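So the protein lines, in turn, are chains Y and V. Counting in my numbering, the first sequence runs from 1 upward without gaps. Counting in my numbering, the second sequence runs from 1 upward without gaps.
These aren't lab readings, by the way, just hints derived from the structure by calculation. Nothing here was measured: the structure is a model prediction, and the numbers come from that model. Ideal placement from N, C-alpha and C gives every residue a C-beta, glycine not left out. One or more hints might be untrue.
To be verified - Short, incomplete list of chain V residues facing chain Y, as computed with Cβ under 7 angstroms:
#, residue
1, Phe127
2, Pro131
3, Ala143
4, Leu220
5, Leu404
6, Val406
7, Pro407
What the hints assert, rightly or not - What the simulated footprint calls covered on chain Y by chain V, stretch by stretch (three residues with Cβ under 8 angstroms from a Cβ of chain V suffice, anywhere in the stretch; the number is not a length):
#, stretch
8, 2–15
9, 60–66
10, 141–152
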Amino acid sequence: MIRILRQIFSTGIVTEDVLGQEEANIKVAGDRLEEAVKKLFRGSLAIRHVDAGSCNGCELEIHALNNSIYNCERYGIHFTASPRFADMLFVTGPVSRNMEIALRRTYDATPTPKLVVAVGDCGCNGGIFGETYASLGGIDKVIPVDAYIYGCPPTPAALLNGILKAIEGK
Amino acid sequence: MSLLKDAIISALGEDVKFRENYQYPVSVVFCTVPKTKFTEAAKAMKKSYALLAAEWATEETPWFGIFACYRWGSEYLIVKTVTTMDDPAFPTLTKKYLPAYRFERQMNSLMGVVPEGHPDLRPWIKFEDWPQDAYPLRKSFDASKPMPRVEGEYRWSRAEGEGVYEIPVGPVHAGIIEPGHFRFQAIGEQIINLEERLGYVHKGIEKRFESMRWVDGFRLAGRVSGDTTVAHSLAYCMALESMTGFVPSERAFWLRALFLERERIANHLGDIGAICNDAAFAFMLYQMMRLKEGILRTNSELFSHRFIMDRIIPGGVAVDIDLKGKEKILSELKWLEKEFEKLVTIYDENPSLEDRVRDTGVLLPEKARELCAVGIVARASGMNLDCRIFNPFPPYDQYDRIELDVPVLVTGDVHARTWVRVHEVRESIRVIRWLLDNMPDGNINGTIEPPSSEKAGFAAVEGWRGEIIYWLQSGPAGEINRCMVRDPSSVNWLGLEQAIPGNIVPDFPLCNKSFNQSYSGHDL
């Protein structure tokens, strides 16, 4: 136990201020996103992540959002286990044909206004996988998307800035 | 001299033909046998204690080629047989080799070849709502068109009886992970059967390769499984280079090894943390993620990508390291080693954690062998396998200088898989130091010509999960005719299915995390 405590205190707080550290490559598709988040969530946001066919690269960076350096919870952002509690869907892609139905169902299970963010180049436009028999392309081919975060994969700073930009309508 | 070659000659005699000047590198034996002798070849391999590394099909109009790749120690041997398009049947290998079970289901689903005598030909990766006659890997299949959905039902294997209940999980899981479906049958807390259903992230990668240029394929390979981007693009590049006879400079090889080891450390750190987190020891996750973030940031600073994606290219590498970069890595390793060892001590001295990870999710050594498991999973279950030793590229081939120490444990439980990772992180830290101290000078890349027509290339690389195999084949016009990808997950997922029964339901996430297999790499 003493080792654990010692490690905790010697590590201290490692959380960094990452705002604006990297200008996010984000495209807000409609003003619905800004409006809704500002009005309804007051900076507190529950996100449900859905992997609709990603290579797991974006997932690693979304994981990093939750580490103590990026610490997204300090902004009231947390990842929830169920779409039923989610304000926002964070969808990585491309949408594979085999995930299409599951993605639609998750979308349907999310309460309105169910904001959708397409994460990563593949989520935005299908990326290297394109549109084939097995890949339907970007997320917006299947469900309406409110914002796009580009990058392969987008860095945690870009993701965080992207969400915050959306929340605060900067 | 090749033991497997001798074995197959003595078993099949005149029936086995060795084709020269077709597949490279020549150290990997390539032979063809008549269809009727395909199982006999497998029998001879089994007798020689060889393991089945991969099985796949190609279309070489008007034939289907059926391939089985065997491995024993440092030897690889590929057996090919052909079958006609009118009668696409071939004898199954499932009676000799368990992993053939999934390989052949996949071949049957995607290429439409029929393994005769296979006990369970339910489609795999191909979902029930695909048109029955859709075989994407066939040349006549138009991959650019979306497929219609049809009615269909998947038959699950079932355990029945009083008190048996079923828990379906997925494809959308509770955490930030990839999609897959698991079905448990349990009595009380005890799991009596687990069936996996994968294929949700099938993106048609193998087919996509066929529409790409040789020089671009490494980018797609780097996105087969995003967490293993270095090892996948490396395996693709090595297979391509062996086909064209191009040998990258020594410095390029050493840089590749450096990237590979950095990828291994980063992923192992994340895994050790996540395993502890699934045993409700969140402290370790946050500590390990802090260390991992350090590695990724240095990657970003020195190689301009956090996961070193697209930095291994055909002909070499795209980024070099200077003296300042070397100093940076060395000082980082010093910090990492100190912090890591403190955390390992905490892991090791924590009895409540030990209670969760020991004797949980046991994959017995004999089962692992039967399943031909690879990588960390195999090494935690008593199998001494590592491509860095048995199929090395420079600098790993300098055994006496690099002195790579590969950990092998025999308990096969969650702890063993964690401890193999701990040891590998230590070893990778040592290897990186050695690489930096001894790195030769020279160019880092060269121009690579496209391979000539009707050739094949093979490569096996030890990624952080285990052995990754790429087999490339050029067609009559010199195009990519087939790119076979075998991620370690293709075989190791079977191991999870075998390790779970007998455990309690709440231990499943813990066991699953200790395997941490790729969905994307499996589904392709």
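Hints, one by one, checked against the model:
1. Phe127: holds, 5 angstroms
2. Pro131: Not OK, violated: V/Pro131 not within 7 angstroms of chain Y, min 10 angstroms.
3. Ala143: holds, 5 angstroms
4. Leu220: Nearest chain Y Cβ about 6 angstroms off; hint holds.
5. Leu404: violated, 26 angstroms
6. Val406: Check failed: Cβ of V/Val406 comes no nearer than 25 angstroms to chain Y, outside 7 angstroms.
7. Pro407: violated, 24 angstroms
8. 2–15: Check passed, 6 qualifying residues.
9. 60–66: The restraint on the stretch 60–66 of chain Y holds, since 6 of its residues have a Cβ under 8 angstroms from chain V and three suffice.
10. 141–152: violated (count 1)
Checked against the numbered hints given earlier, the structure breaks hints 2, 5, 6, 7 and 10 and satisfies all the rest.
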